[in-house]
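2 protein chains.
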Amino acid sequence: MSIIKVSGTSRTSAVAGAIAGVFRENKRAEVQAIGAIAVNQAIKALALAKGYLKEDGYEIIFTPEFVDVEIDGKIRTAIKFIVELR
Amino acid sequence: MSIIKVSGTSRTSAVAGAIAGVFRENKRAEVQAIGAIAVNQAIKALALAKGYLKEDGYEIIFTPEFVDVEIDGKIRTAIKFIVELR
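Those protein sequences? They're chains V and U, same order as listed. Sequence positions in the first sequence follow the working numbering and run 1 to 86. Sequence positions in the second sequence follow the working numbering and run 1 to 86.
Any given hint could be a false lead.
For identical chains, the list gives no copy identity; a pair is met inside one copy or between any two copies.
As the list claims (entries may be wrong) - Below, a list of computed lysine to aspartate or glutamate pairs in the EDC-like style, where the Cα atoms sit at most 20 angstroms apart:
id, residue 1, residue 2
1, K27, E70
2, K5, E59
3, K27, D68
4, K54, E65
5, K5, D56
6, K5, E30
7, K5, E55
8, K5, E70
Read the hints as simulated data drawn from the structure, not as lab findings.
Could you build the full structure based on these sequences and the hints that come with them?
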């Protein structure tokens, strides 16, 4: 299962659609964001995706965790949201 | 139960302590943030609080929702995180 990577310029509705699509397929999704703007976009997308999936009868929850990722040879701290059924 | 309001200048560890404290008391907490920087601070605090509360034997989950709040006579959209036991 691929991780959905969110940037500060990601469109919220597009990310929400991706989250809902991956969740329907796998009953789980992972969403990763680095930096305040990207985290904010991710949260908005998660709130939207929660609504989409509720219409399908899924009640989802998310758990944030810190992960270190290497970008251009530098270690940065990302926030990863695990999306699961309640 | 009071809502924990997070701003962009809130200290993450202080917010995390407040979340853990309110949760221990009420088995529920509400955290509100407006704007990308504040949402990012809130998420970091929630991830830290999750760790604190795990040590106490609580597995917490959070659900984000959009709420409209009035600030200085203007309506702004905040994100509210409901913290509950899994």
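Hints, one by one, checked against the model:
1. K27 x E70: Neither: 28 angstroms inside a copy, 37 angstroms across copies.
2. K5 x E59: Neither way: K5 and E59 sit 22 angstroms apart in one copy and 26 angstroms across, limit 20 angstroms.
3. K27 x D68: Classified as neither; 25 angstroms inside a copy, 31 angstroms across copies.
4. K54 x E65: Between copies only: 13 angstroms across, 24 angstroms inside.
5. K5 x D56: Result: close neither inside a copy nor across copies, 24 angstroms intra and 32 angstroms inter.
6. K5 x E30: within (9 angstroms within a copy, 27 angstroms between copies)
7. K5 x E55: Neither. Shortest intra-copy (24 angstroms) and inter-copy (30 angstroms) distances fail the 20 angstroms Cα cut-off.
8. K5 x E70: For K5 and E70, the Cα distance is within 20 angstroms only inside one copy (14 angstroms; across copies 33 angstroms).
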